[in-house]
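Please build the complex by placing chain B on the supplied structure of chain A, with the hints as guidance.
Chains as they are written, first to last, in numbering that gives the first Met the number 0: chain A, 0 to 405; chain B, 0 to 210.
All clues stand as given, with none of them false.
Simulated pairs of lysine-lysine, DSBU-like, Cα-Cα distance not exceeding 35 Å: (1) K74(A) - K79(B); (2) K46(B) - K130(B); (3) K130(B) - K55(A); (4) K288(A) - K369(A); (5) K369(A) - K340(A); (6) K55(A) - K46(B); (7) K70(A) - K19(B); (8) K70(A) - K130(B); (9) K46(B) - K70(A); (10) K55(A) - K43(B); (11) K70(A) - K88(A); (12) K55(A) - K11(B); (13) K19(B) - K43(B); (14) K340(A) - K209(A); (15) K209(A) - K288(A); (16) K161(A) - K74(A); (17) K11(B) - K288(A).
These are calculated hints, taken from the structure and not from any lab test.
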Amino acid sequence: MLALDELLDDLSFGAVLIVLLKVVIVFVVGLVATMLMVWFERKVIAGMQNRIGPNKAGPWGILQTLADGIKLFFKEDLIPDRSDRFVFKLAPYLAFVPAFLVWSVIPLGGDFSGGKDGHVVLFDHVTRLQLADPAIGVLLLLALSSIAVYGIMLAGWASGSKYPLLGSVRASAQMVSYEAALGLSLAAVIMVSGTLSTSGIVAYQSSLSKWHIAGTAFVPFAIFLIAATAELNRPPFDLVEAEQELVGGFNTEYSSIRFALFFLAEFMNTVTMSGVIVTLFFGGPQPLKIGGNDNILSVLGPFSGTVWFLLKLLVFLYIYVWFRATLPRLRYDQLMNLGWKVMIPVALGWFMLLALLRVGGDRGWTRLHKTTVGVVALAVLAVAGALLSLAVNVGSRNRDREGATF
Amino acid sequence: MGYLEGFLVTLKQHRLFGGKRVTTSYSGGRVAKKVSDPEGRDDKITKPERMHGRHVLNRYDDGMEKCIGCELCAGVCPAKCIYVRGADNDPQDPTSPGERYGFVYEINYLRCIHCDLCVEACPTEAITESKLFEFSFTNRRDAVYTKAELVVGDDGRPQRLPWEDWRPGEYQQTSGWMRATSPGGDADFVGHVGWSSELGYGVRPPEESAP
Chain A
0 MLALDELLDD LSFGAVLIVL LKVVIVFVVG LVATMLMVWF ERKVIAGMQN
50 RIGPNKAGPW GILQTLADGI KLFFKEDLIP DRSDRFVFKL APYLAFVPAF
100 LVWSVIPLGG DFSGGKDGHV VLFDHVTRLQ LADPAIGVLL LLALSSIAVY
150 GIMLAGWASG SKYPLLGSVR ASAQMVSYEA ALGLSLAAVI MVSGTLSTSG
200 IVAYQSSLSK WHIAGTAFVP FAIFLIAATA ELNRPPFDLV EAEQELVGGF
250 NTEYSSIRFA LFFLAEFMNT VTMSGVIVTL FFGGPQPLKI GGNDNILSVL
300 GPFSGTVWFL LKLLVFLYIY VWFRATLPRL RYDQLMNLGW KVMIPVALGW
350 FMLLALLRVG GDRGWTRLHK TTVGVVALAV LAVAGALLSL AVNVGSRNRD
400 REGATF
Chain B
0 MGYLEGFLVT LKQHRLFGGK RVTTSYSGGR VAKKVSDPEG RDDKITKPER
50 MHGRHVLNRY DDGMEKCIGC ELCAGVCPAK CIYVRGADND PQDPTSPGER
100 YGFVYEINYL RCIHCDLCVE ACPTEAITES KLFEFSFTNR RDAVYTKAEL
150 VVGDDGRPQR LPWEDWRPGE YQQTSGWMRA TSPGGDADFV GHVGWSSELG
200 YGVRPPEESA P
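In isolation and in its complexed conformation, chain A is listed as follows:
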């Protein structure tokens, strides 16, 4: 009963119906959001490259993705002779299903204004605008994003072909190394808000200064954003499908609907990961206080939270496209260096610093105490960082001397 909707505590027909409705809505919204995301990305990146982008299918080309999807449905489905047939067929679903499941724990709306806990009244039932609210919500997020690696890894491995295999080897190495930084920056958020449940984390961020981007002093957010981009295999971390080097990467041998599933999963992951960032660092459906007004969208009733959530989500979707339009792809060694030698140490150091201040808070330190301890801790971190970078430099110089390529 870990993740069941609290409506189902007393089984009634109406409650079951509402839960089913929520399932359908989350499913449809997920699909439509992905469709629009593909269109949005193509349109925005075209704008940044002085082009027009899709403009023929539907108004402003908004149905372009639908047309592409329908086309892919009717394409021939090829399975290579040397592939492992079962795993080859399984892999797209392993990539696709976790992407969908993440939606279920993200609070897509709800009334959080003025410190409320997010419950809204729908059809005379008190409920959350969230499919499931397990006590371990954030852990579930991490688990699902790890499972998604299997989809990509097995796809490349089961193809029985060189380049997909290389792509999937890169994918697994990249995702495993960035998962650590992702988890460590997430730990800071969990520690500050004191709960693993996603709705709890949102409820904690009841004012702008309590939003975790401010509450954890920006660094975990920056690390999370970079690590999430790497987890998503989006540019500039898209080595997995580096066209110039690996043909199409792990999905080279895929065609038809199986390819469409990978494509869909990738963009859905982008949307969900933006949703996760909004939830964790920007207060999810929390309204933004503007000029003493608690919630300027309160006319929308129970759905004002949803609109706030979507507005924040849109900002991050734009940022992801912006990344893609701006940054060139990292080399493999640069990727690994950034992950292991910069992001993990910084995330770990920052986590320890926050933990220290938290301990101080629990023991009732005065502001002077906290400042002193903080400054000392920062100095220690700086010295440790300097030592680390010294070690890294010595290492790279030695490798140069031995004639290694990187």
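Leaving out everything else, chain B in the frame of chain A:
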């Protein structure tokens, strides 16, 4: 700003933030259906004077075919897309003014690269290129244009095949070849027309000389 400068560069290119678009959108589709073309086709832009499109086989003013079946076009074709067989004219009812005429004349448009070398090789200006390039056939047999399809009609205009996208006025553009009267710059040849008349058009005027 170092690393972050690039972000500003790309952002400024976006139209929301004052960027410009360098491409134009197609004019067809739903908007065109409402405004100009009932079939919703894209507008065409005016084509350059010497554009190379699909070929036509020209005829003289009196209706005789210009082609004499010499196969020079087939010989010069770098894509080997032209197939010609000549035959002797029937003295009573000649097809061309010369001794022989083009009996079989085929161009495979799946191979043709529109280089215009055949037009340059032709001694009688029998083959020229129109400006039409919008033709999409659905099988390979249609891609091979036979002599019956290439030769101009009795009004001197190219024949319209079902899969070709002709618009009003484009029938005039039968010939895209160069009509300079003194390409070498020799004053003796300026204004001297060195080409024969065409069915339906007569002797075409020279291109205006470059300033």
